[in-house]
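Line order of the protein sequences matches chains A and B.
The first sequence lines up with residues 1 to 343 when you count with this note's numbering.
The second sequence lines up with residues 1 to 343 when you count with this note's numbering.
You may find that some hints are simply not true.
It does not matter which identical chain is used: a pair holds within one copy or between any two.
To be verified - The calculated SDA-like cross-link candidates involving lysine to any residue, where the alpha carbons are at most 20 Å apart (straight line), are:
(1) Lys195 x Val122
(2) Lys195 x Ala74
(3) Lys136 x His320
(4) Lys292 x Arg43
(5) Lys80 x Arg175
(6) Lys136 x Ile243
Calculated from the structure, these hints are not laboratory results.
2 protein chains.
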Amino acid sequence: MPDFKIAVDAMGSDHAPAVEIEGAIEAAALFGIPIVLVGQEERIRSCLEKHDTSGLSLEIVHASEVITMDESAATAARKKKDSSIRVAARLMREARVSGVVSAGNTGAVMATVKMVLGTLPVVDRPALSTVLPTQKAKPAILLDVGANVDCKPHHLEQFAVMGDIYSRAIFGIRRPRVGLLSIGEEDSKGNELTKEAFKSLKHAPINFIGNVEGRDIFKGEIDVIVCDGFTGNVALKLSEGLIETFATMLRQELEKTIAAKVGYILSERAFRAFRRRLDYSEYGGAPLLGMKGITIVCHGRSNANAIKNAIRVAHDFCKHDVNRIIETEFTKFGITKTAGATQ
Amino acid sequence: MPDFKIAVDAMGSDHAPAVEIEGAIEAAALFGIPIVLVGQEERIRSCLEKHDTSGLSLEIVHASEVITMDESAATAARKKKDSSIRVAARLMREARVSGVVSAGNTGAVMATVKMVLGTLPVVDRPALSTVLPTQKAKPAILLDVGANVDCKPHHLEQFAVMGDIYSRAIFGIRRPRVGLLSIGEEDSKGNELTKEAFKSLKHAPINFIGNVEGRDIFKGEIDVIVCDGFTGNVALKLSEGLIETFATMLRQELEKTIAAKVGYILSERAFRAFRRRLDYSEYGGAPLLGMKGITIVCHGRSNANAIKNAIRVAHDFCKHDVNRIIETEFTKFGITKTAGATQ
């Protein structure tokens, strides 16, 4: 039985608490991970009753408040002192759990964890990292996708090293290929930020392969792609939108003729396998790197599978002690925090 | 017979001059547009001989030099004084043609046109605009996609107004919905650049609908999406890469079983229609807005269809006198050039 207990914010997603509870039960049953469900006790309990949870390690910790998707992140984090994510973060600070999974308002989750636990002493800025499907079997890590919209070159360097550690520790890539997201492969291409960052990355303790372009992300040749949080967030949401558009347009065309409809039925398994390969829920959420504790942020539209996988990823982060590796390597390679940097 | 003559850089694309010549012949035949093919005369002539061009208005103007895709844009623009794009730009400056179409090195095309013709007096920075397919019948205009990687807020305002004019003049949208590409719909979301630009855009003489996210681009609800050239270029290349990845992954899955293969054959027409909807070549290249003259930049991998459509778009820009509209509206609404701005 693993030792690391994971708190699940049961009130976060669009379909809370049902999907969180289903995902938690699956993770507890499949991986034997002990779980604390945090949120409005009554609602959690009545939802739990619908399932057979005998033999599973599932606790409930009550939190009276809920943060909604359209609330201001900063205000919600500051004022809702008994929100499910705030209580979960507090459990993590008190070492009663080792990690937190939330499909709630991403900004509020980040702000709350930052306020309650803070960043690792060696890190300037945390980064939200996501995993994207590629044409190859292995996924690509993209970061930052929204924790820091305005970045300095040395932030990108720190993101690169954290992404490299993530790729090694969690995906077992021996020497991840790390690229800088830019607008051309030549060293000289980019904006002011990336041109400066390029120089630092050349000397960083990573396998830096230079600039990469948007079209390279999905090819599967690059393990870690680094960018500022604005560009990364646009890229992530654009990808999600395009995948949806692709599916919609394909369905529209396939519905136009009988032959195509029959074709669709015959290809159905292939389509399902294909959509599964593109499905973010297989990859288990976005780790918030560089923060104290382990926080995995899930999409608001997460299903139980996504929650289950995020719990597994949170547990993997604990098991591989990713934060300790970040601290050790940042110190060893002198990628220390900027003196006087503001958070 | 239309009056506007269009110069086609015959040496630009990956498959030059064959696709340029085919595209030019199609445009001349279908739309009656008079065309000047610019490039190495011998090669153009021997390629033209393979086609029946009787009755078409096709001239050749010789240019001895060719700029390749991997050349430095700035150096090539400056040093290759007899390149096909330089000669084409000169024809435009001398009013011997009204527009130029090139599928060559985008950076070199932009630098050459800027050097030979310059920007419109009212415009600070030109913008490269592209057209993206959407779930609806109408496409979306995205700009800037690479002319200016580091932008100031007032550049984004100018891009927005130029994009608005483009949408009205060429696509006939009466009151285009203009959005600012950001990381959340709320007014306060964004980076330093977009937050400042948001304020200007609220007062700009356009139908500004606020921030839009990456996922909104393809929905077809927004006619013009504005961003800096770095973000736009990343977004454009990411979209291209994802569409390719999507097609590859779908094919991989469909090849796995006989049923799926049969399904694929039955759905083939639907797939073709679907790919056609996603095909950039239908939309005819990327206009370089705000520059003197009319320049349409095409993808290096353009086919004859893309060249043909770009010639049509160049002709439309001339017919609707888009540059005059830009000058008139910039002056009328006081969106004048910043004093002392550097190009």
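Hints versus structure:
For a Cα distance limit of 20 Å, the shortest separation of lysine 195 from valine 122 qualifies neither inside one copy, at 24 Å, nor across copies, at 30 Å. In this assembly of identical chains, the alpha carbons of lysine 195 and alanine 74 lie at most 20 Å apart only when taken from different copies (17 Å versus 32 Å within one copy). When the C-alpha separation of lysine 136 and histidine 320 is checked against a cutoff of 20 Å, the pair qualifies neither within a copy, at 25 Å, nor between copies, at 47 Å. For the identical chains of this complex, lysine 292 and arginine 43 are neighbours neither inside a copy (30 Å) nor across copies (65 Å), given an alpha-carbon limit of 20 Å.
Neither within a single protomer nor between protomers do lysine 80 and arginine 175 lie at most 20 Å apart by alpha-carbon distance, with minima of 43 Å and 42 Å respectively. In this homomeric assembly, lysine 136 and isoleucine 243 come within 20 Å of each other (Cα to Cα) both inside a single copy, at 17 Å, and across copies, at 15 Å.
Checked against the numbered hints above, the structure breaks hints 1, 3, 4 and 5 and satisfies the rest.
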